[in-house]
Structures are given as structure tokens and as C-alpha cells.
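**Q** Take a look at the letters that make up each chain.
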Amino acid sequence: MSADLFDLGFLEAADALAKKAVSSEELTSALLDRSEKLEPALNSLTWFSREAARAEARAADAARAAGDKRPFLGVPIAIKDLLNVKGQPCTAGSNILKGYVAPYDATVIARLRAAGCVFVSRTNTDEFAMGGSTETSAYGTTRNPWDVSRVPGGSSGGSAAAVAARLAPAALASDTGGSIRQPAAFCGVTGFKPTYGRVSRYGCTAFASSLDQVGPIARSVEDAAAVYQVIAGLDPHDSTTSPRPVGDGLPEVRAAKDLKGLKLGLPKEYFVEGLDPEVEKLTRAAVEQCRALGAEIVDVDLPHSQYGIACYYILAPAEASANLARYDGVRYGFRAESEDLLEMYEKTRAQGFGAEVKRRVILGTYVLSSGFHDAYYLRAQKVRTLIRGDFEKAFARCDAILGPVTPTAAFRVGEKSADPVQMYLGDIFTVNVNLAGICGLSVPCGFTPNGLPAGLHVVGPAFEEARILKIGAAYQHATDWHRKHPKI
Amino acid sequence: MNDFIPSIGLEVHVQLKTRTKMFCACPAHTEGEPNTAVCPVCLGLPGALPVMNREAIRKTVKVGLMIGSRISLRSTFDRKNYFYPDMAKNYQITQQAAPLCIGGAVEIEVEGKKKTIRVNHIHQEEDVAKSTHMENSTEIDFSRAGTPLMELVTEPDMSSPDEAIAFLTALKEMLIYAGISDCNLEMGHVRCDVNSSVRPAGTDKLGVKSELKNMNTFKGIHRALEYELDRQMETLRKNGSLAQETRRWDDIAGITLPMRSKEYAHDYRYFPEPDLPPVVLDTATVEAWRAELPELPAAKRARFVAEYGLPEYDAGVLTADKAISEYFEAGAKKSGNFKAVSNWVMGELLRALGEKGQGIADAKISPEALAELIALVDAKTINMPAAKEVFQTLFENGGNPMAIVKEKGLAQVSDAGAIDGFAGQAIAANPKVADEFRAGKEAALMFLVGQVMKLSRGKANPQLAAEALRQKLQA
Amino acid sequence: MAMKFSENADRMDVRYVAGLARMALSDKEETQLQGQLDDILAFVGELKKLDVSGVAPTDDASGTLNAWREDEPATGLAREAALANAPLARHGQFVVPKVIE
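Chains as they are written, first to last, in my numbering: chain A, 1 to 488; chain W, 489 to 963; chain G, 964 to 1064.
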């Protein structure tokens, strides 16, 4: 039992609660105390309520006292401010949802609630998850706990920073083009994006519906796997969820110690100009570690990789342009007053949305508009088919793919915010996984000479979550990068 | 109207009769307080996702099967983007690239001439919310939002307002028959966009079309089309030019007016709905749905003529409503006197129902009872006036015809002695009329029969009375 | 990762497209967005170099089929909950300004 309660990871907390070594109320209070202390420097949370969190924690403690033995009863978790939790605000990092209080639970929230989890805080996000730095949030930029002059990544920068700073044992996040894995890499924590269709999107404020996927950010692969097991699986409210059984992979993940018998692919397209040499060095060292753990490393080709970002920045904005049309000041959220309906729409959306959202909504509207639809949208959908095909071919030769998560470590606040294209290029290693609809894991794999974390990307075929979680767990069994904490 | 040929095409939106909405489990067709049948999905809340209603899909496919469409074994949904406060998401989920039903046709008949109206396709979509326009604002009720709609799009094959109405009537009849929709126009179950154009006679290329939006009465459509076609022809006759435009029908003024131009041109930016996987049907499912289809009115009409020897007119009236046609068949099977059953149903029964504003389901007289009543008439147990009295009792209270006859003492007097007596009295009381008959005025006999009926208080068998009178007068 | 952008990329009418998306732009915003969107379009326009003939579009990311629901009603939101977030409500309805044409 560590000295500080906030040091406990998700499974450690579950264990401590089960042994009654600590109460949920004590644990929750410790996290909220720490949040109050660190938030002025980090800005990783958009909302928390001592009263609400402690009420939930007390209820969990009472249930435990009454004999309730649910494994995650009373375990606190932070929630990305994109997921609807009944009775809590849900801003999506936007002014346009200011004042909106969710009247319903997202399916993932309902499942965590049924498992007994306590919703301790809401984490900052780029506005509508559009960004890679949390700088587009209407509620201010989140700072990287390893270096507060730097960004935590995004869009789930709040979740990654909060988990790294130990404001929560784990957090829910979402990943449309890398939004779980990239901030996890930047903040030195574990981030897991399941296969498209594995986890329900119902109640997750939509950015790009064919790419969005909810997943955990946690202190370890084990913890991520534990959260994933709770939230995954068919949901009658989300038609795109798969009926394939999830299975209980957690015991195997916890037992994983080597990589014997596994073939891991290394795509040459992932080691190109623009990849920071320090990040490359750390990635290659991690690959060697995997080899040392018994994996066979094979070369694979992903020939259309370089087109992923362009493809993504057509398809995601196109879908977003429709998904964000509902923010019109009619039923909820911000409304700019006007005598005229059209003017109300135009002012509400002009004042409610930030610059990055406007940019992407305009871009998405354009690529779908008459005369340009085929040249952009339809063509990008075809390129998406090619990118999916790349992975299918690669996975015929290997069990999983390794590579860097990001081309650089965390950049400075403001460094890229003036040049959208430079910002978009940071998604180069992550977007293809979303376009292919497969699963990806980011595990901490060391630090640059500046003391900034980097992540190893483990990418698996669709619905092979258990496989990549076992790879990540075996890697973490042999390394302790994930146990390092920022000095904050 | 000879120098120009009109072409009319219809886009018919029909609310499907389902228990729940198209994409959420909120109850459909509620008439309660506003915004009481709503949920995150139909309110377009952040994060809400649509889930298809299988029953709505089944009903739309059944319409396709009825009109001979090709059923798409893989069909997809698309988003149609436009901003309007009655559309919560500001996009409508509809089908553009791959609709459920492709092609098909509906046969119509106008003034004895049969014509086939081709259908381009039928697709599945969702209805919008109900807006109430106040002086300075609009109030919106989302209870109707998301009601399942099918949209049937015809080819421009109709060439007169009468044909358009004949098409709509035939379609409506079919939809009600198969339980697809109640097609209650007052309730807004059926709404039409009406496209029309005219072209000079002898040419093939369609003229410039105008679209009349959101028409919801057949009468309005007929009047609007009459006006609109006339307007188009007059414009061309005066060498004016027509613009392709959307117009609206002003029912009070009786004219169509161009819709004021919107700030922005429409650009619906269709793209595949990522929240809904494709609908994939197998042939076995489609065939099972086909097997559920009822016999359609046209087929049933033909069968009634062939099987029951009814005149076309009777068959038409009896099959216009499925429940009535079923009532007739039940009665006919029991009775064997098909024409009599037809006469009773078309005459007394429909009149009585009409007076009470009831449907056939409310009628207390069973088809079996009607058949028995007819048998009593045929056996000359009761005469027609008595039969009508029995019918009225059966209609109001139900029961057994023979029991009613006995209870009311309505059995005909067929006793020759009694009738002879009445005949004698009638002749004695009306010597002048009797003389007229003797002088050859056949019609005079009817008056005397009437007198016999009166004397017998309606119970005499009129045929026997006539015979008795004739014998006495010719003696 | 240095991308070379084609010289003759499309240039969009930002004000018109923003209008389709119902967003009013200030002149300053428009100028700034025009430059950024020109860059982005040039960048995403790189896809035009790829031969996609004979490639089917990915129009269904999930691979699931017929995720439909039986026609059974379920409880939704109470009216108070539905209207609780409304910027303006009256008579149990959502209220918006009328359309001025």
C-alpha cells in the first residue's frame, strides 16, 4: 500500500477497496484534493463536483458494506468531456454546449455505473475532439504534466494529463484519428483504441461517426484492459457495434510475460523523414525489447500510409459537418438571440464554435458540396479502401504491427496552432488505424533527452484486442517506463 | 388543352403504421401533449444514434412488392443535409444512393380508360417535427419527429389532375388494404410534392417543371394542378418563359405562388449515413413478406365479378374497403344469394353505417345474420318492408333474425283465405281504381296491392296479394 | 514528411460554403480561413494523384448488418427533461424566432 492514495492505479484501487484497506470516499477525496491543488497548473479537468463525487463514493461504500462484491465498486474514473453522464454538464470543449446538462447516460457510462465506478471528474478535450493539443478547447489549454510549457496532446489531452498527474486512476477518452494514443504517448501513459464497432458510441458526442471510438487511458495495459472489459461489446443503441463476443481477456493480459511465437511487423513507411531521431531511437529500442521477449520481427509494407492524413482530413470533416449541424441554438446549448431564424443560426454557430471547428466544418461542407463531392469525398472513401487493404495484406504476414505513435514528443503550447497543416501532419502514424477500423495501443517506451515521454504503437487486426493488450502487457512486464511519474 | 400536353409526377410521403418511430423506440402517432414522445435520438441530442425499426422496413418492402418493384437486397441510408428547426439533427436520414424498392407501377382508370403509372422508386425516411407558426416565433413539437415515412416517387406519367387523383386514390386504397398506413389525410398521414410541366403537342421533351410542396388534400392537389397547368400553358401561349421553381398552393386564393427564394441555394450534400449499416435482405425474407400480402383491390374486384357474378359496379363498391369486402364474402359464403348480399351491404348496411358515422367493425349485425335474413326473404317468410325492420333491429342490437321476426310478429301472411279477404275489402273500398284496371290500366293493380298491404299491416305477401286481386278483378 | 502541394489546387468560396454551414464569418475570419483552407485543400488534393479506378468506396465502416430493432415502444425522456436544456420554451414546446424571408 503506497503512501499516497492517488498513486493507486485502476486495478490497485479495486483491490484496495475490495480488501477494505481504503474506502471509496477516502480515495475519491484524495483525488479531488489533488485535483484542486494541481488544476491551476494543468487545466486538465473541465468540471468536478466534490458533492456529486462524494455522494457516489459514499453510495459505493454503503453497497460494499451491505455485501456488494462487484469488482470495480467504488473505483473512481475520470470521463472525457465528450461523453454524456446523466446530470453532469457535457461541453465537448465548446462554448456552444455551455450550460447543457446531459439528460442521459452514454452506454459506456451506464456500463461503468453498473460496474460500480465513481465518476470523479470530467476531462478537457479539443473542441469536439478536433485537435491534437487541447489548444482548441474553449475552456483553455491543458498542460503536459511532464513539462507545463508543452501540450499534453489531444484531443483527449485532459484524460491523458489527468491520469499522468494521478488525478484519476484511469479515464475514458475517444479516438478519431489518434486522440487516445497520441496524448497517451505525450503524457507517458497507456492509451487504448479498440476496433471500430467494439465499444458503443451511444452518448459519445460525435465528431466523425465512421472513425470515432471510445477507449481507456490508464497507468498500465492491465488497467486499460480492465476498463475495456467493462465498456466493450454489442449495444442495441449503436447499430455499428459488433455482435462478436468480447470474452474475458483480462487474466491472460495480466499473465502475459513474453512474446514467444508472435510475429511483429515493422512497416518501413513508419520510419521516414519527419520522424524525430530521438523518438525513432526510443521506438527502435522498444522493438528490440520485443525481439528480446521472443517476438519475431518482420518487415511489412503499408504502401498507402502517406495518403492517410489527406484521406482523413476529407472524411472526418465531412462527417463532422453533418454531426455538428445539430448545434443550432434550438433545443439546447448556446443561442445568440435574434429576431430572425437564419440570423440566429449564423450568429449562434459563429459565436459558439471556435476557429478549428469552423475550419473543419467549412472544409467538410465543401468536400460534400455539389461539384466537389466526387473529387474529394468519394475519392477519399476509395483511398480508405486502399488503406484498409494495406493492413489486411500486412496482417497476413504478422500478428501485430509496431511503430512510433507520434513523429515527435510533446511540442510547446502555441508552437503549431497557427499552421493547421503542420498540426495535422502529427497524426501520420495514428489516422490509418482509424481509417482501417482496427485496434491500436500506445505504451510508454522511454524519454527523450528533454525528459519527454514517447510511446510505442502496437496495432492489431480488427477484434484482436486481446492480442495487442497481451503484447503491451508483456512489454510492460519487462519495462518500467509506465511506472514513471511526472514531478508535479 | 390540345396544344399542350401536361406531365405530372408525384412524390408521395406516407406515414407508416408502426408502433414506434423510425430510428428510436419512442411511440409513433401519439396525439398527446407536445414533446411527450421524445428521447435523445429524436431530439438530436449530442451522442444519440439511430437504430432502424424493422417493421417500417418490412412495410415499405411490402409496398414495393404490391406494385411490382425490384426489392434491393442491399440498401443503404444517407444523410440529407439542410437546416430547419423541425429537423433536430439538421440532416434527415433518408435513402438516396440505394433505396429499398426500385421501379414498379400502379394501374389507374379514368373515365373507363386504363393507364399504367410507373414508379421510379420507394425509399425509407423519417418525418420532421411539427411546427406551429405564431406571430413572431415558431413553436416546435418533436413528438412527430422521426415517425417512419416511405416516399414513393413516380415517373411523370400522369397527364391530367384526374389521373393524379386516380393514382393517389389507388395507392391509398392499396396501402390501407395491406395495413401499411391509415392514410388519414386530416392527420397528415399522406403528403405530396407535385411536379408538373407542359410541352407542346407533338414534341417529346418534357417542359420546364414546377414543384408544389407539401400538399395534403386530394381536392387541393386537383385544384392546384388545374391552376398550375393552366398557368404554365397560358405563359407559353403568350410566349413567356417558365422557370424551374418550387411553388406553393394558396388554397384560399386558389392560386400557386413561387416560394420566396431562400438565402442559399439547396445543396443537400448527401453522403452515406455512417451510423447505420446497410440493410441486407435475403430472398427468403422477402418472399415471406410477399406471402403476407393481402389480395389487392383490383384483383379482388375481378374475382368478385367472376366468382359471385356481381356487376362491376357492385364489385367496385364492395372492394373499396377491405373490411367491407370481407364482410360481403362471409355473408355471400353463408347465403349463396350473392346479389342479395351485395344489395343489402351496399344499400342498407352502408347507409346505416354512414348515418351513425361508424365503420363496419362497429356493426352489430353479423354477416351470418344477414345471410339468414336474406334466406327468410327468399323463403317468403317475411316481405321486404318487414326485412328492413328486422335489419334495423339487427344493426342496432344484433341477434337472431328469426327470433326477431317471431318476437315482432312480422311473418308474412301467405294464407290464401286471409289474403282473399283483404283483396275483397280493397276492391270494395276502391271501385274506381278497380274499374281502371279492368279498363286495362295495369298500374292500378299496384295501388290495390298497396291497399292489401295496408290492411294486412304490412304482413301480406305482395305477390300473393297481386294474384288474388287479379283473379277477383278478372273474374 | 515535407509534402509538396500541387500548384493548381482548388480554391473555395469560403463565404458561400460557410453560408451553407450556417456560420457568419467576420471579414477578418474570412481572410484568415481562406488562406488556411487553401493550404488544406492543396494538401488533401494530393489524393488526386492516386489512381483509384476500380476501387470501391468504403461506405460502411462497421461490417455489421441489419442492426435493427423490433417495433416495441420504450420510455424516452419526460417532457421537463426534454425541455430543461432549451434556450427558450413555451407551451411545452421549443421556441425559435420565425423565418424572415
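Treat the hints as calculated values from the structure; they're not laboratory data.
Just so we're clear, the structure is a prediction, and the values are computed from it rather than from any experiment.
Heads up, a few of these hints could be off.
[What the hints assert, rightly or not] Here are a few chain W residues that face chain G, going by a calculated C-beta distance under 10 angstroms:
| # | residue |
| --- | --- |
| 1 | 527 |
| 2 | 539 |
| 3 | 762 |
| 4 | 793 |
Heads up, the beta-carbon is just placed ideally off N, CA and C, and yes, glycines get one too.
**Q** Hints first: check each against the structure and report whether it holds.
**A** Status of each hint after checking the structure:
| no. | hint | in the structure |
| --- | --- | --- |
| 1 | 527 | holds, 3 angstroms |
| 2 | 539 | holds, 5 angstroms |
| 3 | 762 | holds, 6 angstroms |
| 4 | 793 | violated, 38 angstroms |
When each numbered hint is compared with the structure, a violation occurs for hint 4 only.
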